Amino acid sequence: DAGVIQSPRHEVTEMGQEVTLRCKPISGHDYLFWYRQTMMRGLELLIYFNNNVPIDDSGMPEDRFSAKMPNASFSTLKIQPSEPRDSAVYFCASRPGLDHNEQFFGPGTRLTVL
Amino acid sequence: GQNIDQPTEMTATEGAIVQINCTYQTSGFNGLFWYQQHAGEAPTFLSYNVLDGLEEKGRFSSFLSRSKGYSYLLLKELQMKDSASYLCAVRDSGNQAGTALIFGKGTTLSVSS
Chain A
1 DAGVIQSPRH EVTEMGQEVT LRCKPISGHD YLFWYRQTMM RGLELLIYFN NNVPIDDSGM
61 PEDRFSAKMP NASFSTLKIQ PSEPRDSAVY FCASRPGLDH NEQFFGPGTR LTVL
Chain B
1001 GQNIDQPTEM TATEGAIVQI NCTYQTSGFN GLFWYQQHAG EAPTFLSYNV LDGLEEKGRF
1061 SSFLSRSKGY SYLLLKELQM KDSASYLCAV RDSGNQAGTA LIFGKGTTLS VSS
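Protein sequences, first through last, are from chains A and B.
Quick note: the first sequence uses this note's numbering, first residue 1, plus one each step.
Quick note: the second sequence uses this note's numbering, first residue 1001, plus one each step.
Don't take every hint at face value.
Just so you have them, the derived chain B footprint on chain A, three or more residues with Cβ under 8 Å [to be verified]:
1. 19–25
2. 80–88
3. 105–111
For lysine to aspartate or glutamate, the following EDC-like pairs were computed, each having C-alpha atoms within a straight-line distance of at most 20 Å [unchecked claim]:
4. B:Lys1105 x B:Glu1041
5. B:Lys1076 x B:Glu1056
6. A:Lys24 x B:Glu1041
7. A:Lys68 x A:Asp57
8. B:Lys1105 x A:Glu44
9. B:Lys1076 x B:Glu1009
10. A:Lys68 x A:Glu18
11. B:Lys1076 x B:Asp1092
12. B:Lys1057 x A:Glu44
13. B:Lys1076 x B:Glu1014
14. B:Lys1105 x B:Glu1014
15. B:Lys1105 x A:Glu102
For the record, the hints were derived by calculation from the structure and aren't laboratory data.
No experiment lies behind these values; they were computed from the predicted model shown.
We put the beta carbon where it would ideally sit given N, CA and C, even for glycine.
Looking at chain B on its own, in the form it has when it is part of the complex (with noise of 0.2 Å):
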């Protein structure tokens, strides 16, 4: 079966770092995806592995372990827009050409000053 496992709440406070587990069990794996989501407003890209490792992009660094179904979000110097939803998602290449995504339910968190 697909499953895709986040945790549901995270609370931190402004300039600390927070990590944001995903693990996941699908058919197969063709890409893993990070997406944010605002309260009321669509998700919006932040990261993809599709390759064991660390990619990083500026604030925002995603890991990911394809032996372990294993992913996380790592978010530096935490701002208070940085409060939001984030959404892991497995592209599944069991589908049909590869290319839909299972989400995850998400991680909502609350950054405070």
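Okay, chain A solo, but in the shape it has when bound (with noise of 0.2 Å):
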């Protein structure tokens, strides 16, 4: 399997732009994880979703930030409109079942919003 794969690897963009990052997570894995990481709060988890269901976006800054499953092989995680303190790197993860611990990370997307 390849991985969890996330696109694009990297994205500048101006403040007011909109900016879509997207997953695709490991086939047959049933929760999917969006999380951003800074060196101010380290790893934060937004949302997850488990088998193409949001159960939890809590972690969501605010409306400017969406987040969607549409099928089990494909996230999208929207800012819009897109703000420098914005800035991060972006990791999709996904996870196979309540019986399995591990998450499995895809490499992020560095968002860079000017």
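With the hints as a guide, dock the two chains, each given alone in a separate frame, to form the complex.
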């Protein structure tokens, strides 16, 4: 398996623009997680899905952030409008099921908002 | 509230042993994890503890004391490639389905020759 795939790997945009980050989880995994990592706050959970259904979005910072999972093999995290404080590395991770403990992380998307 | 504490930085020399401590205060507990993250890369899973005691896996061991809210990661026979950030994470059973992880800010370990 190719592992968790994220695109783009790097994104540079200007304040106010819409940003869409994409994730393809490992096939057969029931859980998908979106995290954000910064030096100041570390790795923070934004939202997670179970069988394509959002379970907990309490970590989403504000209404400018939204996430969807239209099917088992694809998820998006959208920021509209983007702000400089959104600059971070965004990781997607997937996990097989409740009986499995390990989360498998994608390579991340480094977002810079100017 | 949710709080996970670990030292920000540690240094050690090749061949040595280092212990990275982690203390946690969470509303629930359903397992403690250690992840390794090299600079510019994704975190990778190292260990999982849910019961008190020591789990050994090669050069790495992880210990848990639930009554003390305390864990440590022990790295033996240090190698240069062990230079990385080590993240302590707790699965908080207070979350629905008890499956989300709360991460500490990580400990950056520098191994020198």
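We went through each hint and held it up to the structure:
1. Given as covered by chain B, the segment 19–25 of chain A fails the check, having 0 residues with a CB less than 8 Å from a CB of that chain where 3 are the minimum.
2. For the segment 80–88 of chain A, the assignment as covered by chain B is violated, since 0 residues bring a beta-carbon within under 8 Å of that chain's beta-carbons and 3 are needed.
3. Coverage of the segment 105–111 of chain A by chain B holds in this model, with 4 residues showing a Cβ closer than 8 Å to a Cβ of that chain against a need of three.
4. Between B:Lys1105 and B:Glu1041 the alpha-carbon distance is near 15 Å, which keeps this suggested pair within the 20 Å criterion.
5. Note on B:Lys1076 and B:Glu1056: the hinted pairing holds, with a Cα-Cα distance of about 11 Å set against a maximum of 20 Å.
6. Between the alpha carbons of A:Lys24 and B:Glu1041 the distance comes to roughly 17 Å, so the proposed pair stays at or under 20 Å and holds.
7. Taking the CA atoms of A:Lys68 and A:Asp57, the gap is near 11 Å; set against the 20 Å cutoff, the hint holds.
8. Taking the CA atoms of B:Lys1105 and A:Glu44, the gap is near 9 Å; set against the 20 Å cutoff, the hint holds.
9. Simply put, B:Lys1076 and B:Glu1009 have alpha-carbon atoms about 18 Å apart, close enough for the 20 Å limit, and the pair holds.
10. Restraint check for A:Lys68 and A:Glu18: the C-alpha separation of about 15 Å stays at or below 20 Å, so the hint holds.
11. Pair hint B:Lys1076 plus B:Asp1092 does not hold up; C-alpha atoms about 29 Å apart against a cutoff of 20 Å.
12. Under the criterion of a C-alpha separation no larger than 20 Å, the hint pairing B:Lys1057 with A:Glu44 is inconsistent with the structure, at around 27 Å.
13. Straight-line distance between C-alpha atoms of B:Lys1076 and B:Glu1014 comes to about 10 Å, which keeps the hinted pair within the 20 Å bound.
14. Taking the CA atoms of B:Lys1105 and B:Glu1014, the gap is about 24 Å. The hint is violated against a cut of 20 Å.
15. For the hint linking B:Lys1105 to A:Glu102, the alpha-carbon distance of about 19 Å falls within 20 Å, and the restraint holds.
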